[in-house]
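Listed here are the chains, written in short residue letters.
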Amino acid sequence: MEVQSSIGLSHFLFISVTLFSLGLFAVVTRKNAVMILMGVELILNASMINFVAFSRFGNLGVNGHIMTLFVIVVAAAEAAIALAIVLNIYKNFTTVNVDEINSLKD
Amino acid sequence: MQQFPFLTLITFLPILGMIAVLALPNTSEKLMKYITIGVSAGQVVLAGIMWSLFNFSLPGISNESSLQFVEKFTWINIQGGSWIGTIKIDYFLGLDGLSMPMVILSAIVTLIAGISSWNIDKSVKGYFALFLLLNTGMMGVFVALDFFLFYIFWELMLLPMYFLIGIWGGKNREYAAIKFFLYTLFGSVFILLSMIALYLSTQEMYNGTKVFTFNLIAMANSANFTQDGILSMTNPSNLRLFAFILLFIGFAIKIPMFPFHTWLPDAHVEAPTPISVILAGVLLKLGGYGILRINYAIFPDITKTVFWWIALFGMINIIYGAYAAMAQKDFKKLIAYSSISHMGYVLLGMAALNTIGISGAILQMFNHGTITAMLFLIVGVIYDRAHTRGLDEFGGLATKMPIYTGFVTVAFFAAIGLPGLSGFISESFVFLGAFSQDSIRIITVISTLGILLGAGYMLWTMQRIYLGPFNERWSEFKDLDARELLMLIPLTAIIFILGVNPSLLLNMMNTSVNAMVDLINHSPMK
Amino acid sequence: MNEIQMLYFALIAMFLPLVGFVITLFTGKKLKYAYIFETTIITITFILSVILLLNKVTTFIDYRFGYALDVALVWAGNWITLPNPITGNPTIIELGIKFDNLAAIMLFVVSTVSMLVHYFSIAYMHNDPRFNRFFAYLGLFTFSMFGIVLTHNLLMMYMFWELVGLSSYLLIGFWFEKKSASDASKKAFIVNRVGDLGMFAGVMIIFLTYGTFTFDKVFAAINSGVLPFNSDFWLTVTGLLLFAGAIGKSAQFPLHVWLPDAMEGPTPVSALIHAATMVAAGVYLIARIFPMLTADALLAIAIIGALSSIIPATIAITQNDIKKVLAYSTISQLGYMVLALGVGAFNYAFFHLVTHAFFKAGLFLGSGSVIHGMHHEQDIREMGGLRKKMPITYYTFLFFTLAISGVPLTSGFLSKDGVLAGTLAFGMLTGHYLFTVIGFFVAFLTATYMFRLVILTFHGKPRNLHKYDHAHESPYLMTIPLIVLALLTTFIFYTANPIAGHSGWFLKDWVNTPQTVAPESSRFDFMISEAKTYDQQIEAGKHHVIHSEEYTHTMHTAEAISMVLSLAIGGIGILLAFSIFQWKKISLDPLPKWMVPIHRFSYNKWYFDELYDVIAVQPTLLLARFLAWFDRTIVDGVVNGVATITRAFSMVIGWIDTNIVDGLVNFSAKLADWFGYLFRKTQTGSVQTYIVYAIVSLIIAFVLLVTI
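Chains as they are written, first to last, in my numbering: chain A, -16 to 89; chain B, 82 to 607; chain C, 480 to 1187.
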């Protein structure tokens, strides 16, 4: 197979890593639970980009697309449940600051 | 031959009494006293019956078939497999001429002590329960012929004695009780060591195989020692001597032999009168009995080599005890030291290694038991009245208490060894026997000084307490009451009877003593 | 009477006083007249003893061997038999009595004096609160003394020896409320015990060597050549050890100190025990063992006897207590007897024992009568002139004094003369004239101090008028015994010829010197008889067989010389006493300067008590105190020290246990705790931290996977 485009797998992967890193950074550093959720979405998006990229350049084939669709659905469901949890947390702790919600420690 | 279990009965009768005493409510103190005295009286009767059935011509000592009143059952029997072998401990009781006089003595002295306990008024129940337990222990030591059983009884005695001194004693009772207990326990450890060594060196036939044994009579037969046992006759090392010394120290503490004697004055001074009576009358005899039964019979070869030392310590006891007694200011302490002096005669007589000497030693044990019991009762009489025992605080009691002084005179002169009273025969026998043994002749001659010193401190005491001008401080004193007479008269009678007719006891032990002497004479020389 | 009856009667006589003792002791408190029972018993005993004596000396003549086994009147039985089938060598201890002339005479002497003392005491002790007990004790004493007299073996001798010691103790201390009396009784018993130690050692050697205590068997064995440790020397030692008992009992030098103190006892006791009988037991013991004494032993005995006769004599001369004077004179006279035995004059020694028993008992009872009459005054400086107030006492006392001074017609003259003759003959034969000189010098001193006593007590003017006015003659119960004793002090009971004792029946027929059995190498030459065997002795005649012809001749000469000499010396002594104390020809007031230290030395009894206090009593007490201290501090100190060390050690162990051993355990727990604390820090509870951990772990895992 001839590679004509100057945009190759590595570019996709670079984007994906960047997105993943940004997401991870958000998950680890943000104090607001909603922001963390957004970080999680970024990580999911990074994975989706990977899937798509590997389906285009690798030998995943159509499976990559299908997985991406699944991930989109899971991400939507996840976002719904997570937001519900955040709402409940807010109800119980009157905050969504994860630093203050450390009752796991006990 | 199954026969009436006299020995079990005489040994465990007090335990039955103890159970009865414990079962009674605290309030029925009189009944407890009656039970105790009744038990002791029963023992005396049993001892009397055994005496009448006793065959004087059977030696015992190292010959199991000539023991009397034997009761032998396997008690503990553990099949330890090939590595340990069979551990077998027998319930083995029996009498011979060595133990019979001691059983009689023990029964009599305990009865007297029981009567003397009448005015105990502090936690009566505990006292009499312990007293009865002590009684079993003492009797058991004299009748047990299995070393393990012997040791159990030996230790069994300690506990009640500790409490009897420690709870019912005088001012400094805890110190005395602990001292007594630890000292004796210290000796027991030695005995235990030697016991185990002996156990691992002797075997007897059991169900067709040879098994290790605790049988004291079997141990006294040198054929039963294994060839390669640590204490076997053929073992060239000095282990036999070492075991002998360990056992000897264990028993010497009980006698008590210088320098292991210092528990005695403390224990005596602090103990209540009946316990002093038992202590002097019976407990000290256990040491002498142990030496004869175990050291002499099981180690005749060692005995033959060390008797000079035994005689030397006997001499030291006699002289040292007498001098120490002379300087005492407390009546009871003086009697305690005189006890040490008189027990020296026992050691000296044993060291004679001949019939007359060993007979004298056993007789001296019996006589010392009765005489010293009487002396302690005598101290008790004035202590009950005056609550002091200082020798210099009295004077002229003979004026006020003539009957009492009469008994005192008998007891004192018996202790001095006046002919016609029992002490004379035993002391003479000891001296005659020891003098016949060449190498301890000089020791014997020096020991006779004890006769003089004995007269010195006894008569001085007599003078300070009973003679001289009457001390008006004690003008309230009454002469003896019926209970005191009941205690003193039998002892006085024994002292007179044995003084005039010592053959009563001598015949009983003669065959056994001859066998013992024979055993020693025919043992191989190292 | 046949032999068996004789022996039974002797046994009855012996045990009757014991019966009297027991019954009187137990009934004495209730029955006021218990003493009558005891006195009756003693009277019966006396009658028995008279019958026995007469029968013995008339019908059953003693055999001269003195130790012959087959012919003596012996009743014996085994007391203790210890058979030994293994060695076939049984131990047998015999008790028994031997009734020879010696025993018969002593039985008579003891029962006579005892009976008279009983009668005397009824009057003398009549106000005493323990009146009956006194008689009981007298009975016990009489029994014990009979035991000594009759025994045929050494062990029984030793036993009764101790029993008389007991009765002596009880009687000296009879008035025990007095400190001095209880002191004296204690001293008597203990000093006697010193001698008894020696005696017991002798008994042990005898038993070791011969396996028996019986005199006759021992003598027979010695005669056949069996000696202790196979040497003459040890035979000598054995004899001397047995003699040590006699030194104690007979108050011989150096153990004489107890007898003067024993005068604290009631005077009848002094008469019976400390003058006539018990103190003579020592002499009797030597007489009993006489055959086995070697020449060396006899010489040593003679030396002790001589010292014991002269030392107390020099003390007696300055004493002021009537009983003390008599006590010292008793020691001196006992010394005479021991001396006589030592020089081989056996029969004279025993003769003197008998005569002395009567006249010294008389002197003591006489002094008792004086003390009674003077209301318990004993100091002769407070007396004087009592002759008129107490005539019977005076004349009997005077007669006894004549006897002790050796004036003819008295028994004392005969026996004392014999003793002196014995020393003289011994001197002539062996050259040891010192004994003779001492003997005669003591005779002189005796006459002097005894007459000093008589003169100061009975003659002259009363020195204490108050006491003199209240003095009175004693009742008949007291004076009749004196008269009886005075009669017994006349020569007629012993010999028909008042100046030749040796020809009288007492010495000729009744008392015979036993044959010595000591090996020939260690006998005195003059003791070796020409008649060696029993049959030869029978042939040689009844008398003088133990001594050689030479001795018999020498003795004849000596008797003649000494009679004259002793009369002269006795006379000088009496004259001296009269000239100083009666006629005051020689003035001793004030004492001449050169005599003052001598007087002080004598008056203080040669400082024996002080000496013994310094060399024996105080060191003993000091040693006792030291050993008691040693016991408490060192021996018990070691015990307590061991306890303390053990406790200190246990405290160290305890510290180690809590701080090190347990510390380790706690440390491990602490460590775990610390780690836990550390790890807890990671559990922030913040989800993000956990995520970081997860990521970091992933990265590490990834890196590891890649690198490996």
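A portion of the hints provided could be inaccurate.
PhoX-like, lysine-lysine: derived pairs with alpha carbons at most 25 angstroms apart [as the list claims (entries may be wrong)]:
#1 Lys1160/C with Lys481/B
#2 Lys867/C with Lys940/C
#3 Lys481/B with Lys508/C
#4 Lys657/C with Lys410/B
#5 Lys511/C with Lys481/B
#6 Lys946/C with Lys559/B
#7 Lys511/C with Lys559/B
#8 Lys481/B with Lys410/B
#9 Lys481/B with Lys657/C
#10 Lys1072/C with Lys946/C
#11 Lys1160/C with Lys14/A
#12 Lys508/C with Lys559/B
#13 Lys481/B with Lys559/B
#14 Lys867/C with Lys481/B
Hints were generated in silico from the structure; no laboratory data involved.
To test your reading of the hints: which numbers does this structure violate?
1, 6, 10, 14
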